[in-house]
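Each chain, letter by letter, is given below.
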Amino acid sequence: MNKILKHAALGTVALAACGAQAQSSVTVAGMADAAVRSVSNQGVGSVKSLVSGSNSTSRIIIRGVEDLGGGMSASFWLEHGLALDTGAAAQATQFWDRRSTVSLSGKSWGEVRAGRDFVPTYVGWSRFDPFGHIGAAGSNNFATATPNGPIRSAFGTNPNTTVRANNALQYFLPAGLGGLEGSLMLAAGEGGAVASGLTKVTGLRLGWAGGGYGLSVATATSENSLTTAGKFKDTAIGGNATLGSLRLTAAWRKFEQNAAEQTNVMVGAIYSMGQSDIKFSYLKANMAGRVGTTVIDANDATQMGLGYIYNLSKRSALYTHYARISNKGAATFVVPGGPAGIGGGKTSTGYEAGLRHTF
Amino acid sequence: MNKILKHAALGTVALAACGAQAQSSVTVAGMADAAVRSVSNQGVGSVKSLVSGSNSTSRIIIRGVEDLGGGMSASFWLEHGLALDTGAAAQATQFWDRRSTVSLSGKSWGEVRAGRDFVPTYVGWSRFDPFGHIGAAGSNNFATATPNGPIRSAFGTNPNTTVRANNALQYFLPAGLGGLEGSLMLAAGEGGAVASGLTKVTGLRLGWAGGGYGLSVATATSENSLTTAGKFKDTAIGGNATLGSLRLTAAWRKFEQNAAEQTNVMVGAIYSMGQSDIKFSYLKANMAGRVGTTVIDANDATQMGLGYIYNLSKRSALYTHYARISNKGAATFVVPGGPAGIGGGKTSTGYEAGLRHTF
Amino acid sequence: MNKILKHAALGTVALAACGAQAQSSVTVAGMADAAVRSVSNQGVGSVKSLVSGSNSTSRIIIRGVEDLGGGMSASFWLEHGLALDTGAAAQATQFWDRRSTVSLSGKSWGEVRAGRDFVPTYVGWSRFDPFGHIGAAGSNNFATATPNGPIRSAFGTNPNTTVRANNALQYFLPAGLGGLEGSLMLAAGEGGAVASGLTKVTGLRLGWAGGGYGLSVATATSENSLTTAGKFKDTAIGGNATLGSLRLTAAWRKFEQNAAEQTNVMVGAIYSMGQSDIKFSYLKANMAGRVGTTVIDANDATQMGLGYIYNLSKRSALYTHYARISNKGAATFVVPGGPAGIGGGKTSTGYEAGLRHTF
Numbered sequence: 001m002n003k004i005l006k007h008a009a010l011g012t013v014a015l016a017a018c019g020a021q022a023q024s025s026v027t028v029a030g031m032a033d034a035a036v037r038s039v040s041n042q043g044v045g046s047v048k049s050l051v052s053g054s055n056s057t058s059r060i061i062i063r064g065v066e067d068l069g070g071g072m073s074a075s076f077w078l079e080h081g082l083a084l085d086t087g088a089a090a091q092a093t094q095f096w097d098r099r100s101t102v103s104l105s106g107k108s109w110g111e112v113r114a115g116r117d118f119v120p121t122y123v124g125w126s127r128f129d130p131f132g133h134i135g136a137a138g139s140n141n142f143a144t145a146t147p148n149g150p151i152r153s154a155f156g157t158n159p160n161t162t163v164r165a166n167n168a169l170q171y172f173l174p175a176g177l178g179g180l181e182g183s184l185m186l187a188a189g190e191g192g193a194v195a196s197g198l199t200k201v202t203g204l205r206l207g208w209a210g211g212g213y214g215l216s217v218a219t220a221t222s223e224n225s226l227t228t229a230g231k232f233k234d235t236a237i238g239g240n241a242t243l244g245s246l247r248l249t250a251a252w253r254k255f256e257q258n259a260a261e262q263t264n265v266m267v268g269a270i271y272s273m274g275q276s277d278i279k280f281s282y283l284k285a286n287m288a289g290r291v292g293t294t295v296i297d298a299n300d301a302t303q304m305g306l307g308y309i310y311n312l313s314k315r316s317a318l319y320t321h322y323a324r325i326s327n328k329g330a331a332t333f334v335v336p337g338g339p340a341g342i343g344g345g346k347t348s349t350g351y352e353a354g355l356r357h358t359f
Numbered sequence: 001m002n003k004i005l006k007h008a009a010l011g012t013v014a015l016a017a018c019g020a021q022a023q024s025s026v027t028v029a030g031m032a033d034a035a036v037r038s039v040s041n042q043g044v045g046s047v048k049s050l051v052s053g054s055n056s057t058s059r060i061i062i063r064g065v066e067d068l069g070g071g072m073s074a075s076f077w078l079e080h081g082l083a084l085d086t087g088a089a090a091q092a093t094q095f096w097d098r099r100s101t102v103s104l105s106g107k108s109w110g111e112v113r114a115g116r117d118f119v120p121t122y123v124g125w126s127r128f129d130p131f132g133h134i135g136a137a138g139s140n141n142f143a144t145a146t147p148n149g150p151i152r153s154a155f156g157t158n159p160n161t162t163v164r165a166n167n168a169l170q171y172f173l174p175a176g177l178g179g180l181e182g183s184l185m186l187a188a189g190e191g192g193a194v195a196s197g198l199t200k201v202t203g204l205r206l207g208w209a210g211g212g213y214g215l216s217v218a219t220a221t222s223e224n225s226l227t228t229a230g231k232f233k234d235t236a237i238g239g240n241a242t243l244g245s246l247r248l249t250a251a252w253r254k255f256e257q258n259a260a261e262q263t264n265v266m267v268g269a270i271y272s273m274g275q276s277d278i279k280f281s282y283l284k285a286n287m288a289g290r291v292g293t294t295v296i297d298a299n300d301a302t303q304m305g306l307g308y309i310y311n312l313s314k315r316s317a318l319y320t321h322y323a324r325i326s327n328k329g330a331a332t333f334v335v336p337g338g339p340a341g342i343g344g345g346k347t348s349t350g351y352e353a354g355l356r357h358t359f
Numbered sequence: 001m002n003k004i005l006k007h008a009a010l011g012t013v014a015l016a017a018c019g020a021q022a023q024s025s026v027t028v029a030g031m032a033d034a035a036v037r038s039v040s041n042q043g044v045g046s047v048k049s050l051v052s053g054s055n056s057t058s059r060i061i062i063r064g065v066e067d068l069g070g071g072m073s074a075s076f077w078l079e080h081g082l083a084l085d086t087g088a089a090a091q092a093t094q095f096w097d098r099r100s101t102v103s104l105s106g107k108s109w110g111e112v113r114a115g116r117d118f119v120p121t122y123v124g125w126s127r128f129d130p131f132g133h134i135g136a137a138g139s140n141n142f143a144t145a146t147p148n149g150p151i152r153s154a155f156g157t158n159p160n161t162t163v164r165a166n167n168a169l170q171y172f173l174p175a176g177l178g179g180l181e182g183s184l185m186l187a188a189g190e191g192g193a194v195a196s197g198l199t200k201v202t203g204l205r206l207g208w209a210g211g212g213y214g215l216s217v218a219t220a221t222s223e224n225s226l227t228t229a230g231k232f233k234d235t236a237i238g239g240n241a242t243l244g245s246l247r248l249t250a251a252w253r254k255f256e257q258n259a260a261e262q263t264n265v266m267v268g269a270i271y272s273m274g275q276s277d278i279k280f281s282y283l284k285a286n287m288a289g290r291v292g293t294t295v296i297d298a299n300d301a302t303q304m305g306l307g308y309i310y311n312l313s314k315r316s317a318l319y320t321h322y323a324r325i326s327n328k329g330a331a332t333f334v335v336p337g338g339p340a341g342i343g344g345g346k347t348s349t350g351y352e353a354g355l356r357h358t359f
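Residue numbers (the numbering used here), protein chains in the order written: chain A, 1 to 359; chain B, 1 to 359; chain C, 1 to 359.
Hint data in this document are derived by calculation from the structure and do not stem from the laboratory. Because the structure is a prediction, the values reported are computed rather than measured.
Pairs count within a copy or across copies, as identical chains cannot be separated in the list.
Quick list of in silico lysine to aspartate or glutamate cross-link-like pairs, EDC-like style, CA-CA up to 20 Å:
#  : residue 1 : residue 2
1  : K314      : D67
2  : K346      : D297
3  : K48       : E223
4  : K328      : E261
5  : K346      : D300
6  : K233      : D297
7  : K254      : D297
8  : K284      : D300
9  : K233      : E261
10 : K284      : E261
11 : K314      : D277
Could you put together the complete structure from these sequences and hints?
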């Protein structure tokens with residue numbers, strides 16, 4: 001067995017055998033990311049912790065592609081999230097929580113993909129967040145079920161579809177349409193309860209990318225055992241422009257459920273010089289309307305994020321992030337990892353320093 | 001990316017070491033399979049869903065063999081089942097639920113294998129099912145704890161030993177005995193409760209395969225904390241004959257516990273032409289005797305299965321399956337994935353279309 | 001390392017890239033170990049079982065190293081424990097329970113490591129146990145929460161830090177200090193409950209190894225939601241000497257919590273001849289002081305262990321172990337796997353025979 005192996009792409013390794021008949025490959029890849037974090041919540045104190053995945057979510061990916069000939073290919077992707085600080089699976093039961101899909105693709109007609117994956121609106125929002133929707137300063141801090149708003153109203157504290165959906169069938173436009181990109185998602189509700197992760201989703205995304213500019217429009221509608229009084233609607237619009245070493249982004253996302261609305265607005269910037277990246281983001285969450293009879297208009301919040309990343313290589317980086325959330329009214333958004341029990345309208349501040357390694 | 005890849009064997013990739021000293025290999029292999037399914041249960045409606053593993057169970061395998069010299073080898077096999085539709089582990093706690101074994105083998109004397117694995121009767125039945133005991137039309141639909149019969153009586157709704165057993169020690173005859181094959185299983189009950197997956201099993205299989213024909217006889221006896229009034233007996237007999245492009249199979253399996261009996265009979269056919277396979281199966285479940293004082297004689301059922309598989313390559317296939325179950329008496333066998341609450345004696349119908357990819 | 005990887009160390013396989021551009025590697029390695037065991041507990045009978053990991057814990061490791069140039073490297077290590085007898089994950093939620101770390105290392109200054117890992121005192125004890133702290137005759141039999149003593153007092157039956165700690169930041173001395181080795185651990189308590197695996201740990205180890213001799217001194221202090229009346233202290237001192245084919249070891253470890261003390265003393269020997277190893281160990285657990293108002297002084301125990309290992313290759317071995325535990329007073333230490341309910345002061349005896357395969 002004279003196997004000679006070569007790695008497929010940066011940060012991934014093809015686990016493969018060599019030779020003329022080359023037909024298959026399995027790639028084991030992933031991310032190991034840990035940081036020291038300190039979070040202060042006004043009025044309740046501060047907590048120091050070791051956290052996982054602040055620059056890039058700690059994960060293991062097992063994936064592969066088979067060339068079927070004639071421009072066709074079959075592929076699969078299994079991605080497991082983990083907490084590097086404790087060794088815990090991000091989801092014990094839903095082990096491959098980050099993605100589990102099988103696809104049939106054609107160079108001319110695109111890709112049909114089945115399984116758990118990102119919803120189109122998440123794709124059309126997170127790409128415009130300099131912090132990638134994670135860590136102390138990620139925009140995920142404003143996409144939670146706490147405080148009460150349309151997300152809590154539509155899903156309770158059960159799994160929601162603001163990031164991913166189970167039981168999804170997707171179609172993706174092919175590459176090579178002059179920058180045009182797009183996808184369609186239909187996820188089966190299967191007549192079950194949202195507590196079992198079952199939500200029916202219909203979603204769509206259209207975008208354009210090229211020449212240093214990008215634009216994306218996406219929408220998704222979710223229906224489950226809790227949305228009997230009205231579907232959950234999620235709309236995301238965003239754009240980016242690259243000016244030399246500076247990448248600027250802006251995005252808007254609205255969650256709606258019955259009379260409750262939450263509108264998130266974000267502007268971001270990444271400035272790169274040599275091995276360093278400097279990141280900035282500013283977010284605003286605007287609550288409006290009512291949940292039941294409770295008026296939520298006053299429960300807004302803003303978040304300011306700063307980051308400095310020092311790239312040791314293309315695969316590894318040291319980083320530090322800072323975030324400050326200012327709540328108004330009854331809003332209780334927080335930087336994750338602080339002490340519980342923050343009061344409405346208070347401030348949450350966090351910073352972290354860590355190491356991210358891509359494998 | 002000038003990857004030069006060679007797959008070690010169909011659908012598997014050897015993750016191997018380079019150079020002359022290479023002595024070992026770890027293989028990561030598996031299956032990604034998803035389908036759209038619709039199931040109608042008479043009187044209660046229908047459900048559409050995305051399902052996993054209808055043509056071949058979605059899984060990840062990590063395995064390897066070490067050549068010890070002199071015809072001897074050591075090997076291991078870890079196999080994890082997963083639900084591709086949701087990313088869930090098939091069993092969160094029993095993660096390597098499909099197989100976890102270590103073996104010592106000798107070319108002349110066979111193999112001693114320790115760990116969780118298939119019971120001999122399952123091996124001697126499932127190989128004769130054109131649908132491989134899975135999916136809408138698999139014979140697994142008639143090997144369940146519902147409705148009440150010997151399986152339910154011996155195991156309740158706890159893990160049963162109709163497919164696999166924990167804590168097993170097995171011996172396998174070596175290859176090269178002119179077609180003769182066989183195995184012996186002893187699984188320790190460990191004095192524990194069936195709710196903890198503990199069942200003592202004694203099993204045996206003898207078979208012959210070659211020249212287009214095959215025959216297998218297997219038996220297994222299970223004893224656990226619920227079988228105090230009598231052991232659970234499982235007997236499977238089957239055969240196959242290949243006539244040109246046509247493979248015909250027939251099998252018989254009987255489950256017994258005290259006064260309760262369930263006899264499953266199956267005939268099957270696979271016709272291959274070019275890249276296509278057409279599959280057919282007919283099953284009958286015959287209940288007899290009593291569970292406690294409840295007479296179960298009338299609770300029989302039949303299942304008819306049809307399938308069409310289009311092989312895109314040796315590793316990937318598109319497929320569609322159809323199944324119809326007709327219950328009698330109080331029998332409530334169903335095609336999986338339909339709405340709950342079917343009444344006794346009703347009909348369950350399902351069809352599905354999907355993609356199976358071997359990696 | 002110019003990235004043509006053979007297997008990095010005995011029993012592992014580098015899944016690696018060959019050729020000039022090669023920059024990365026992921027290694028999948030591990031252990032598959034199963035044995036037949038019988039344990040008799042005086043007064044309550046005996047149980048036969050199949051067990052996992054008696055010679056070396058069954059596990060899967062995914063790890064890799066990236067050369068950053070200038071003597072620096074980034075690396076990660078994920079290690080999952082499993083029960084080969086049943087296919088169960090050792091910890092369903094804490095899947096990567098054995099280790100989950102990311103590191104930055106420099107040849108001149110050492111290593112900074114973040115994540116779940118061994119505590120320094122465990123490292124400074126287990127290396128002197130001929131049975132590696134596992135199996136029928138391992139010294140782990142005397143480091144349990146039963147019977148009541150300082151471990152139970154400080155952790156209840158929750159996860160304890162006698163082996164590993166979550167949320168740890170560690171520093172390791174570099175190699176090449178003439179045999180000197182050492183590490184420092186700070187694990188964050190994160191203000192949480194010990195039931196969630198949260199314990200603050202401060203630990204330190206210093207050792208010297210070389211020329212056939214070794215010495216290690218380690219200490220660790222743990223603080224959690226149960227140690228409000230006083231921290232848990234753990235001290236381990238050990239040494240070894242190699243005399244030709246004979247390796248002799250001696251070690252001492254003390255657990256303290258408030259007025260309760262447990263002192264474990266161990267002497268061990270491994271004699272190697274050809275493909276065979278003979279192992280011997282003698283342990284004594286000495287309880288002293290009180291837990292609450294209960295005096296535990298009389299609850300001591302001794303364990304005698306014998307082992308014979310036949311190495312089939314450098315990666316695979318057949319083995320057999322024997323252990324006998326003699327309890328005094330209310331002590332109820334047992335060889336794992338026997339029937340429940342042993343009385344205080346009784347004897348527990350176990351033997352096992354198995355196969356260990358390194359991959």
